[in-house]
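A.B. asks: Take a look at the letters that make up each chain.
Number of protein chains: 4
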Amino acid sequence: MYTLGIDIGGTKIAGAVCDENDKILSQWRVPTPTEPEDINDCIIEIYNEALKLHDEIPTMGISAAGNVKADRRTISFSANIAKWIDYPLADRIEELTDHKCKVVVENDANCAGWGEYILGAGKGSRNMVMLTVGTGLGGAIVINGELYRGSFGMAAELGHLPMVSDGDFCGCGLRGCAERYTSGNALERFARAGIRRMPQKAERLLELCGGDVHALEGKMVSQAAQEGDELALYAFGKIGEWLGRTMAAIAAVIDPDTFVIGGGVVSVGDILLEPARYNYVRFLQAAAYREHAQILPATAGGDAGMIGAADLALRAVNA
Amino acid sequence: MYTLGIDIGGTKIAGAVCDENDKILSQWRVPTPTEPEDINDCIIEIYNEALKLHDEIPTMGISAAGNVKADRRTISFSANIAKWIDYPLADRIEELTDHKCKVVVENDANCAGWGEYILGAGKGSRNMVMLTVGTGLGGAIVINGELYRGSFGMAAELGHLPMVSDGDFCGCGLRGCAERYTSGNALERFARAGIRRMPQKAERLLELCGGDVHALEGKMVSQAAQEGDELALYAFGKIGEWLGRTMAAIAAVIDPDTFVIGGGVVSVGDILLEPARYNYVRFLQAAAYREHAQILPATAGGDAGMIGAADLALRAVNA
Amino acid sequence: MYTLGIDIGGTKIAGAVCDENDKILSQWRVPTPTEPEDINDCIIEIYNEALKLHDEIPTMGISAAGNVKADRRTISFSANIAKWIDYPLADRIEELTDHKCKVVVENDANCAGWGEYILGAGKGSRNMVMLTVGTGLGGAIVINGELYRGSFGMAAELGHLPMVSDGDFCGCGLRGCAERYTSGNALERFARAGIRRMPQKAERLLELCGGDVHALEGKMVSQAAQEGDELALYAFGKIGEWLGRTMAAIAAVIDPDTFVIGGGVVSVGDILLEPARYNYVRFLQAAAYREHAQILPATAGGDAGMIGAADLALRAVNA
Amino acid sequence: MYTLGIDIGGTKIAGAVCDENDKILSQWRVPTPTEPEDINDCIIEIYNEALKLHDEIPTMGISAAGNVKADRRTISFSANIAKWIDYPLADRIEELTDHKCKVVVENDANCAGWGEYILGAGKGSRNMVMLTVGTGLGGAIVINGELYRGSFGMAAELGHLPMVSDGDFCGCGLRGCAERYTSGNALERFARAGIRRMPQKAERLLELCGGDVHALEGKMVSQAAQEGDELALYAFGKIGEWLGRTMAAIAAVIDPDTFVIGGGVVSVGDILLEPARYNYVRFLQAAAYREHAQILPATAGGDAGMIGAADLALRAVNA
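Going down the list, the protein sequences come from chains Z, C, G and X.
Following the numbering used here from start to finish, the first sequence increments by one per residue and tops out at 319.
Following the numbering used here from start to finish, the second sequence increments by one per residue and tops out at 319.
Following the numbering used here from start to finish, the third sequence increments by one per residue and tops out at 319.
Following the numbering used here from start to finish, the fourth sequence increments by one per residue and tops out at 319.
In case anyone wonders, no lab produced these hints; they're calculated from the structure.
Check the hints yourself; a few may be wrong.
If several chains are the same, the list does not tell them apart, and a pair holds so long as it fits within one copy or across any two.
Unchecked claim - Below 30 Å or equal to it, Euclidean Cα-Cα: the simulated DSSO-like pairs (lysine-lysine) are:
| # | residue 1 | residue 2 |
| --- | --- | --- |
| 1 | Lys100 | Lys238 |
| 2 | Lys69 | Lys123 |
| 3 | Lys201 | Lys238 |
| 4 | Lys69 | Lys219 |
| 5 | Lys102 | Lys201 |
| 6 | Lys219 | Lys100 |
| 7 | Lys23 | Lys238 |
| 8 | Lys102 | Lys12 |
| 9 | Lys52 | Lys201 |
| 10 | Lys12 | Lys219 |
| 11 | Lys83 | Lys23 |
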């Protein structure tokens, strides 16, 4: 008996059939459309392809970038898909499978975190926090070996922890949210500020963005940092500092044994993680009198979210 | 079979024998000495008195103001009792009972929170956060109906959530901790700042402190606020604002269904809770698109910590 | 003997011939080109037109949006005209007049401030600060009745006073600058944050921007505020608060008798000035024990910068 | 014709007769009493002693730690002498001299700043800012070679520049004032925070304060820093950072050519000044595109305030 895991990303929808040991048996990938109905069609297309290879797919887990209600069926809103407002995604997909497949919807950061917990760097930990440093900053929390979703499905919104009173305006309407200081977006802003402040050190970054600071992208900063460029390393030092500060704030609430850092920005490895570890201890309450959590890069790879979704769905149905 | 709950407070040590339904059968109270050995003697004295009334006391729960290790036996350090540094309190007490009584030590804010959960305002909630607004700001977290202690016994240090970058110096050595803005101590500082800034409105507060702003105490501000004094209400409005902001930060991590607010400062009721509720919503991420936790005053009374300690010890021994 | 005042704005170049009493005798207006040479040609065109009407124009004052060196001849850089880097504007224009006209260049906020001082709301004050709340936040300082330019021509960069440690990223490369919190740009961001946080109150603003929050402009917020819209008034309340806080910071250094508030945003009058005045006193050091500066809206009108430039040039040449 | 300069300090009242070239001819020193009348008597005693040596003392300048009104005769309030509230100090002293001596009162930070300008590190500068890093943080501003007092005598209250929104509570009733982060008081708090956070590096500082962190004084931190103690150097690094940030904020308003740093804390020299210079440039607006002020230690010595008072009084009377 197999489970279909679906990951609705910003550019592609990926799907995989997994067995009970979270092993991928077969997988598909299509571009992401913008209309909810077209997204549904893509998912059903993958489902039908899967049925050609596997007799029965009684369960489907969907990873979606949006706030998912506590029922794990409805998306309350999404920054990516404008029409997903109180959208009953599980209902729609179940109808389209003639109710032959039970659907569980989960927030994408939660799925990625769960994937790391069962397959990756978080394996064997008890209380784990995953931070996904992508365009923004996503969070997932595992407590006593189970994904923690909160009372209303809104736990682990760690990118919106308030870090600076009266700070940077966030897209969520609040100010000083963690993701304004530690994310791919923040990396670009620290790099741009550095170019403006230290023009004499900006040669390489200006070269990479063709002389237009507004065209500067995170991956250019990553490339320059890996070449040893001072200004790019400064920008990573700053988001690393704030990553450490954010983890220290989380530790005051959760006191986990393990932090896993994922997302595209972490590809630079210790360039990000060293300042993060240093500042974690610097801002950790009672640092000299307590045991410290380990801070690890994610290892489960790009399919972690899809597999995590499948695994969570299977557990939900079996519970 | 009964359990002894002990609450080591700043001024008194209280003890009570509880039955399995958390009912108090008998209780004692003695002044708190300053030396660890004298504290131990006081506890044993209560234990011996209890044995005169009840055949068997196989379990004891101790609530202590300090950081308790994950083993729930050792105090790593305490702001109140200077010599409690890596102090094996459970070992010492068990020895003094000739190993006839099994001892479990728990942080005082955790005991108070657990008392509220089983007997008070938190009853029936699933994920609960208690904030104790006393001299400082204590925290306790209940997740899925169980006290959450974290991987190293340091969870729920909510008074040390960083709220202001580069903010007020805290006794813990960090800056901008929540308890610098919402606590009895903060209440006094907001009131003093108000007296300095608005001398024309300071008459009543100056009268209460005999004209010496350094002699101003939290209870004077509470009294003036209940009389309707504008400056005292301002000071409560400020710590209420920061209480709301702190809860909003906690909600980004935990997303609880219930906040319980206890501690001496909450005796003014809605004078504190109204600004707290208002600012909770004001600073809550996605406030318009989610369900909101209830914010309730504590109801379990002054014995909640002692009963909570007994109940937690009984559960630990039975587990 | 007359003086030509030139104001190089973002969209138009305006010029006026003034007599020694700062009275405008004749004036011209052309669109602003993007290349420095084309700008110079426009200025010379106005100069030649002026010579047709007036026998002699021995002096020209130019108001430019950029940092002007202490020599009052060279623009070190400008956020508007990219090629104005160490640009010898006065040299260029003097050459093009065959050295028949002496040119003085001055920062635009300084010219506007000086115009208010000699003709407008600042008249009769001794120590005056002008804040121009436009897209950004410009500043000018008059001390003992003379424009104060600092030792290196960089005084009165009041929009870049640091107000929030670790705050909002500013285009200048620093963080938490005053103009991030009080400016037309800030008004839009406060309004957008309000729409996001309080969607139930956003009807009017969404109507004005055609449902697209990114298309929201300051003038729409002004219109809604003047209609009494709650969300728009909230946004003005916030930039007014920060305007007050910024003035209080300036008062700790300069202690002026008069603040003049100009710029497009101040057209709403007391909607901006009331929260500014309230918060000025709220954040003013020793507010209860000192005299307070008056806070006035600008009155000299849109030609103040051009006239100010002419007057400053005449004084410089006569000095 | 000679002038008497008087410096009313926290522990002693010093007086000196100066000639027109600011040369000290004779001087006296007595302990500071607490009552205003007794202070007056001490001043008159010095005045009478001076008259025994010099025929005529027609002018007296008094340096006082308090806010002096724009009339330069009245103290509006003082943090040191509680009864100096709207106290007409010049009137009282002139009466006691039978109106034979004209008295001018000036704020102590202004007198020290003026002394540095005429005799010390500020000599030859045009626009100078002096910051006196003592228990608190005092300020003085010289503009175009003249002491700048503001419209109401409250200019240069630089210790109360707001540096951190929602920051540390200041004795003035505001929050986040510069002197909370850069002063002798701040040095002690940074050192105490360091001891708490890094107990493994606290040996030397704990030794100097006898193991009681509350007994730690600034001079102990200075001593340890000069010995090379890491924790003490950390504490100086922090107040140096904030000194640099404060100067950068001042430069956005005043753009001086010279900063002079005085006060007891500056005795450690570059231990303080190096981090101050580094962070000045780090936080200076448009640092890469402008000339930079020089940052110098004070050189005029402990009599600078007294001489400054005499010189200012002479100028006032001659004006």
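A.B. asks: All the hints need checking, so say for each whether the structure fits it.
C.D. replies: Here is what the structure says about each hint:
When the C-alpha separation of Lys100 and Lys238 is checked against a cutoff of 30 Å, the pair qualifies neither within a copy, at 50 Å, nor between copies, at 54 Å. In this assembly of identical chains, the alpha carbons of Lys69 and Lys123 lie at most 30 Å apart whether taken from the same copy (27 Å) or from different copies (24 Å). Both within a single protomer and between protomers do Lys201 and Lys238 lie at most 30 Å apart by alpha-carbon distance, with minima of 17 Å and 26 Å respectively. In this homomeric assembly, Lys69 and Lys219 never come within 30 Å of each other (Cα to Cα): the closest approach is 33 Å inside a single copy and 38 Å across copies.
Taking the shortest alpha-carbon separations for Lys102 and Lys201, neither the intra-copy value of 56 Å nor the inter-copy value of 39 Å comes in at or below 30 Å. With identical chains, the CA atoms of Lys219 and Lys100 are never at most 30 Å apart, being 43 Å at best within one copy and 55 Å at best between copies. When the C-alpha separation of Lys23 and Lys238 is checked against a cutoff of 30 Å, the pair qualifies neither within a copy, at 38 Å, nor between copies, at 53 Å. In this homomeric assembly, Lys102 and Lys12 come within 30 Å of each other (Cα to Cα) only inside a single copy, at 23 Å, whereas the closest approach across copies is 58 Å.
In this assembly of identical chains, the alpha carbons of Lys52 and Lys201 never lie at most 30 Å apart, being 58 Å within a copy and 51 Å across copies at closest. Only within a single protomer do Lys12 and Lys219 lie at most 30 Å apart by alpha-carbon distance; the minimum there is 19 Å, versus 39 Å between protomers. Taking the closest pair of Cα atoms, Lys83 and Lys23 never come within 30 Å of each other, the shortest separation being 33 Å inside a single copy and 54 Å across copies.
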